[in-house]
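Peer 1: Chains as they are written, first to last, in our numbering: chain V, 101 to 585; chain R, 101 to 585; chain Y, 101 to 585; chain P, 101 to 585.
Heads up, some of the hints might be wrong.
Remember, identical chains collapse to one label, so a pair may be satisfied in a single copy or spanning two.
[Stated by the list, open to error] Think about it this way: if two alpha-carbon atoms lie no more than 30 Å apart in a straight line, the pair counts; the simulated DSS-like pairs of lysine-lysine are: (1) Lys560 / Lys475; (2) Lys198 / Lys540; (3) Lys582 / Lys330; (4) Lys330 / Lys178; (5) Lys560 / Lys185; (6) Lys178 / Lys189; (7) Lys330 / Lys560; (8) Lys250 / Lys582; (9) Lys185 / Lys578; (10) Lys540 / Lys178; (11) Lys330 / Lys578; (12) Lys578 / Lys250; (13) Lys540 / Lys164; (14) Lys528 / Lys471.
It is worth saying that the hints were derived from the structure and are not from the lab.
Protein chains: 4
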Amino acid sequence: MPPHKPNTSSPAPGPKPWEHAKPTGSGSAQDELATRFVESLSYDRRLYTHDITGSIAHARMLRKVGLISVKDLAAIEKGLASIRKEIDKQGDAWPGWKIELEDVHMCIEAALIEKVGDAGRKLHTGRSRNDQVALDLKLWVADAVNELDKVFAQVFRGFVLLAQRDGAIVMPSYTHLQRAQPIVVGGEIMAWLAALERCQRRLHALRLLNSDNPLGSGAIAGSCLPLDRKATADQLDALVGPTFNAIDATASRDAALDMAYALAVTAMTLSRWAEQWIIYASTEFSFITLDGRYTTGSSMMPQKRNPDMLELTRGRTGTAYGSLVALLTMCKGITVGYNRDLQEDKRHLFAAYDSVRDSLEMCARIASTTKFNEKTITASLGRGFLDATALAEYLVVRGVPFRTAHQIVGSLVRLCEERNLHELSQLKLEDFNHACAQAKHPRACQSDVYDWLGAANVVKRYRSAGNAGVSGFEIQLKQWDKRLS
Amino acid sequence: MPPHKPNTSSPAPGPKPWEHAKPTGSGSAQDELATRFVESLSYDRRLYTHDITGSIAHARMLRKVGLISVKDLAAIEKGLASIRKEIDKQGDAWPGWKIELEDVHMCIEAALIEKVGDAGRKLHTGRSRNDQVALDLKLWVADAVNELDKVFAQVFRGFVLLAQRDGAIVMPSYTHLQRAQPIVVGGEIMAWLAALERCQRRLHALRLLNSDNPLGSGAIAGSCLPLDRKATADQLDALVGPTFNAIDATASRDAALDMAYALAVTAMTLSRWAEQWIIYASTEFSFITLDGRYTTGSSMMPQKRNPDMLELTRGRTGTAYGSLVALLTMCKGITVGYNRDLQEDKRHLFAAYDSVRDSLEMCARIASTTKFNEKTITASLGRGFLDATALAEYLVVRGVPFRTAHQIVGSLVRLCEERNLHELSQLKLEDFNHACAQAKHPRACQSDVYDWLGAANVVKRYRSAGNAGVSGFEIQLKQWDKRLS
Amino acid sequence: MPPHKPNTSSPAPGPKPWEHAKPTGSGSAQDELATRFVESLSYDRRLYTHDITGSIAHARMLRKVGLISVKDLAAIEKGLASIRKEIDKQGDAWPGWKIELEDVHMCIEAALIEKVGDAGRKLHTGRSRNDQVALDLKLWVADAVNELDKVFAQVFRGFVLLAQRDGAIVMPSYTHLQRAQPIVVGGEIMAWLAALERCQRRLHALRLLNSDNPLGSGAIAGSCLPLDRKATADQLDALVGPTFNAIDATASRDAALDMAYALAVTAMTLSRWAEQWIIYASTEFSFITLDGRYTTGSSMMPQKRNPDMLELTRGRTGTAYGSLVALLTMCKGITVGYNRDLQEDKRHLFAAYDSVRDSLEMCARIASTTKFNEKTITASLGRGFLDATALAEYLVVRGVPFRTAHQIVGSLVRLCEERNLHELSQLKLEDFNHACAQAKHPRACQSDVYDWLGAANVVKRYRSAGNAGVSGFEIQLKQWDKRLS
Amino acid sequence: MPPHKPNTSSPAPGPKPWEHAKPTGSGSAQDELATRFVESLSYDRRLYTHDITGSIAHARMLRKVGLISVKDLAAIEKGLASIRKEIDKQGDAWPGWKIELEDVHMCIEAALIEKVGDAGRKLHTGRSRNDQVALDLKLWVADAVNELDKVFAQVFRGFVLLAQRDGAIVMPSYTHLQRAQPIVVGGEIMAWLAALERCQRRLHALRLLNSDNPLGSGAIAGSCLPLDRKATADQLDALVGPTFNAIDATASRDAALDMAYALAVTAMTLSRWAEQWIIYASTEFSFITLDGRYTTGSSMMPQKRNPDMLELTRGRTGTAYGSLVALLTMCKGITVGYNRDLQEDKRHLFAAYDSVRDSLEMCARIASTTKFNEKTITASLGRGFLDATALAEYLVVRGVPFRTAHQIVGSLVRLCEERNLHELSQLKLEDFNHACAQAKHPRACQSDVYDWLGAANVVKRYRSAGNAGVSGFEIQLKQWDKRLS
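Could you put together the complete structure from these sequences and hints?
Peer 2: So this is what it looks like as structure tokens:
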């Protein structure tokens, strides 16, 4: 293992029975570096089940339009089913994986021909690897979105669980990482849910943009054979009809880009959550205690409990962003029609998917096992004048224009600071009214002002839809409860 | 103008009538660099009309729930309408732009207070710049998408016009920039239309994800005042209801990210078109002639006609990608709740929008004015064995399994090369059948094989839906015609 | 100001005296969008002084090799000097800026010809805009690096000042944002200095890579005229000799990329510092107090003191990363030789430079005016077992293998936690030795163990070079003192 | 193999002999996802030889300062040497790789302890994984740069070989992909050499920035033990002395960023070369013929010879850019001191290195085996008025100011076009002088003007240093010859 680690093993020498499936003119087998350089098998074998599904749909359509016989179809279906089973079982050890065949498509076709002969030679009728891989990619994306739906469900359940347990704890919210207004813990949890649910909807919206079937577009221009592309699409649940134009169908990688982008925003959202909770887990905040399963120690400092999973979740935003940039770069300025550059799409998309999927699952586990430390949080609720805005709103209700109210409260905060008081409620009614009088609103405050002060009072007073206090949290949680049940 | 060019002019000294609107504690005015460092006015003033629209909707809601009087509302509406007119007319020269007020929001509020006094001081009731700017951004995005719709319409018309004029010309298509199958020019034009129309749908799909109204979320937690957020949303055509959660509403920049991404893919699509046509415009290809308005000359080489607009369209992909990465970077790992970092969202989004919008408009003009050179294209149609795939498909129709047919045609191409023949149609029937026989399919070819050879024949033979030959082009063009009429 | 804001004003109609300098075949003037689309004048006019400097060097060389007369040279030099003075004075208002001339180069040449006639027409002898702009870019980079050196000096002085004032305060250091080992404040300040000083060295190292003179490379292939490229280079302080190859010289934008990258890493470094101090400035940490000039308030919450400048410094990392990606994207996959795409290099480079330069200057001001709150920091020094590593090292000195020592201290930390003790020093000697005995190192501790405990003791005990305790800080500060004096 | 493919296999349950090396508090082993989530062993095992080298240097230093005994050192050295041999031989199958130990460092230390007992437990004295991995990374970078030097040497030899064989062929150069001036093939080859050689120098310049030794910095603050960091550095050839500051040493990933950037620019440079040659290999250009080993065929179109390796080289720019962005993203905004995010640095750096390294090696092979088709190139040399600039320079020599000469040649080009002449040399002397007279330079041309026309004449006339014609090419080739011999 020198600095340069070759990606894959070397090819077998000599002619092989499956060589008939080898593309004409492919000189790469004559040069070991070339073989390694062009292969995508090391990562695209992951598409084998989608490739087989697509091939079966294609074969059935070929039969429907009379291009192959019933017997051919039967042989193809049987052969592909048996290949699928072999790979399910043997995985990377399946002997059909031959690096000199370059990719998953040729390996499976060659194995099929070896199994069923001429029927296998007919499978590629009216098809090119260009439209085949475009289809496989879309089928994989559909599957991956389904898979992510399951993980999103875990995430949602994890946060809802946490909200049900610790959601009512009163805590400060932060803008600019400075104490802003009081909220309940559940108010912030609902924010993560809102953002992540939007991530899920983005994934679906973008997948829908790419749900037309490219198969039947051939290498670039279509086919002179009487393919029935609608019939092919009808057999594939994930897709809804044929693509509009053959050149676009084989040249586009929008399906990969769109998913990579949706993953990148998901990673970004998780990075914000992770950062927030890393800060909450610091000694200074001590707002949360992470479960021991999701912290690790230090090789040098015996006392450490580090939030490594949160840090990795944050850091892996790099993987998602990097994959998106890789795909965007790959597509920039290449001519229309398939170019070999496009082969790399899967490498980047898979990397982003694996990383974000794992981070989501980790998020679900951390969410459901973390504890908010009510005692610590409550102990410091008096700091930071969290009720200043509520006081300004009290003044508004009492007829003071907001800008003036904002000024009055500003002066009261300064008064507290001068007197070394930490809370507005420590001021006397006359202090309040003195400040009001100076702003030409004498006697604006009454003794009920104290009902608007203190974090515990304020969180009960929020009335606007979507608020992060008691009423908002309860309504939002109810909606989530309903959704998840 | 030294290497470092300060962005903006210096602030005015001394207290001003609008100073009451100045945020408490803002020390930046005491340091010229700080003033320049925090201001966003130099770019966010572009939001003035959206800011005013949002403020009017807010004021009407405040009246509806009784937080301000009918008279207050009238004063606010009149004041804002007059400010809007002033800025419409005076633009950057409007005296209300005061850099020490930092942004468009404070400038307009301060001007309003100056005009209408206490009514103006009430406008910010139950509102923070945090939810205000989130709203302005969404309103701007909605407007910008509308504006792009108009430009997309120009682009579509430009390509359809070209397709109607030159679409029937037979030409080679390319994969790997190697000659692949014959198509008609219109087949490729339809590919650009398909890709760009998907760009437009992406813009809309992503905008819809962000069409809920953040106003009423306040600084982060909502408000203790009885705001009616639904009522606000109802007044704003672009939006459909209140956001779910106040913290998410003020912390998220997904609206900016989503649009930046949709613009990036649009730029990428244009870069592929531009590259293709730059190559088509080379002396060696000479497939197209660009209109003189869209080429420029050289300061040194007197004979040049350079496709500069296409090159700039390609190069400006950098602006769109860069803006997307800037936004993604900005959002990575920041805590929830508003952070000042987010202010920069507009800078990047506006840059991407201006650039892509212009490129689209340029694309429309180039598309409608470019000529495909039929003579030159036709002259070389015999090169590159464009009909090889059609010949393989002929053999399939004649009962030869595709893989075997592929091999037979491969050997025929090699035969041509050995004999120095450029076209398969120059072979004799016996040559065809000799190759077939060697592959154990004797007499597979009949004299009708010649009807499948030659680019002009092939483009008429394509039958698969979406093909880039005659039948596919005609159907696709008809659909576009219908859509545009 | 609709969503789309055109970048520049419209061109003047009709033939003008300077039209002779207009590139042949430039059709863009016939279409307003085209004029706006191709112009770079709106941002490259910033290069005027570098352009003139390069032109004078070129003219002197032309005289030296006899291509122009002494009189021509005198006219050119006088004309250019007067143009430089005009622009110095009039800036953007200089009447020579004519958008239909596209760029700074043509504007200045046209103005020169208008001033001095045929001598001006000779200036472009053996030169193209392609090599001219490559030179201007390198001259600008050299100037900008000089300018940054001055700002780096301010930054260094700012941190050294802070270190001299607050550097001796004992504080916790953090890994994973968890309390790690005790350090002195100055130990961390020295880390920022080390990282930023490496940024400065990177800028210089990369500039040196691009310090050869492209002028004399012409449009792409060089010139048939007897240009003396060494003579040109000799007149330009920033450059050291002619480029090796004309095609590479005019096609490369490595000078822009290299600087953009160096700026991106600088922005990244500043983002880490900003994040750290934003956290230090939170109520929960309260480690630092930012000067009032570098915080701002809230439009809604009267009590806020937000670290906006730090947040913007963090967020503007987006601008630097985005510019780098824009440049990398622009250069990806374009053919060799000048392509118009390259024109955009300056737009991105200038944006990155302006942003990072300002952030550095802001960093200098914040560094020199921030106060570390010794009282608050000291009050919590007992938390987090900061001395655990030192204790393990004590055991090592006493003959316990490190891994065993690590285990022993781990068990002692757990013992404290069980007993609700916050500090290791609260344990008795027998507690220490009991744990040692269990790990088969009985009596490893003596009473001097207490000299290794407590943050204040530990910071004095660090002995390794570069340590962040007392001895390391003092040595490092001394080196900086020496460097800056 | 579902859409989600777990990265690694599951951990073994139950306590193991090497558990003593496990970090205290690491709960990850209790959760399979957590184990997989935090491990870096699947990619960082590649560092094993650097890790062992670093450990030996550390152990010798520990001995030197008396922290371990001669016997301990001997045991450690022997143990590590035997582990190195085992891994050399067994690679990924080495039984010491235990995913629950997370990384290469712990696996090797655990294996050492198992082999040599307490001596092994002393190895980590005064060391943390934080400084250990920072060292390993730098040692790997140094090795990788050495490896790249070898590949660069192949690339240089490949291009020089090609230049020696085909360099003298006259061909057009291109700006804007439009024919510009005539050059010799070698003139362009020298451009690729210049650009790639700068890539190599960039790698070295950036590596030098990061050549100080972080070991001895401990977890973050340094050590209370009397480590001699200079002594450690002295044993490591690649490094030159201890880092300045312990916090910076363990927090910085500049070494990874700097190399990733240098690789990104190398990839970009290769993408431009690849694009150029893909275009040259098109039927329309037919400037080059690629060796059969470096083209591949089509699964559908039997006639294809696709430049897949060039396309992949171009497309893999995405990998390099993506890795750089991933690293930049990872580092953005994290606090100082080690954070677990940083672990991912190697994943991205290795991906970029493997990809660019292979592309460079492929470039070397393609360069040395490609043939320029002199006949085809020469056949079209008359097109595009390649000699227009030379004619303008002739006029300059004859006393016409360049701008005027530029205009005259422009009018002559238009005259040719009107008369359907393809070459300036087809005009008569009187045509030349008529155009000169109209520009007020009568009789500027003499019969020797024809010696300046025609590509073959022009390439011999270039005189400026670095030109891409005969003289420039010969000088540049000689320098390369000398360098490589």
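Peer 1: Are the hints correct? Go through all of them and say.
Peer 2: A quick look at each hint next to the structure:
1. Lys560 / Lys475: Only inside one copy: Lys560 and Lys475 sit 19 Å apart there, 36 Å across copies, limit 30 Å.
2. Lys198 / Lys540: Between. Shortest inter-copy distance 27 Å satisfies the 30 Å Cα cut-off; intra-copy 86 Å does not.
3. Lys582 / Lys330: between (39 Å within a copy, 22 Å between copies)
4. Lys330 / Lys178: within (24 Å within a copy, 59 Å between copies)
5. Lys560 / Lys185: neither (60 Å within a copy, 42 Å between copies)
6. Lys178 / Lys189: within (17 Å within a copy, 43 Å between copies)
7. Lys330 / Lys560: Only across copies: Lys330 and Lys560 sit 21 Å apart there, 58 Å inside one copy, limit 30 Å.
8. Lys250 / Lys582: within (17 Å within a copy, 42 Å between copies)
9. Lys185 / Lys578: Neither way: Lys185 and Lys578 sit 45 Å apart in one copy and 46 Å across, limit 30 Å.
10. Lys540 / Lys178: Between copies only: 26 Å across chains, 89 Å inside a chain, cut-off 30 Å.
11. Lys330 / Lys578: between (44 Å within a copy, 19 Å between copies)
12. Lys578 / Lys250: within (21 Å within a copy, 43 Å between copies)
13. Lys540 / Lys164: So Lys540 and Lys164 pass the 30 Å test across copies only (27 Å; inside, 87 Å).
14. Lys528 / Lys471: neither (37 Å within a copy, 33 Å between copies)
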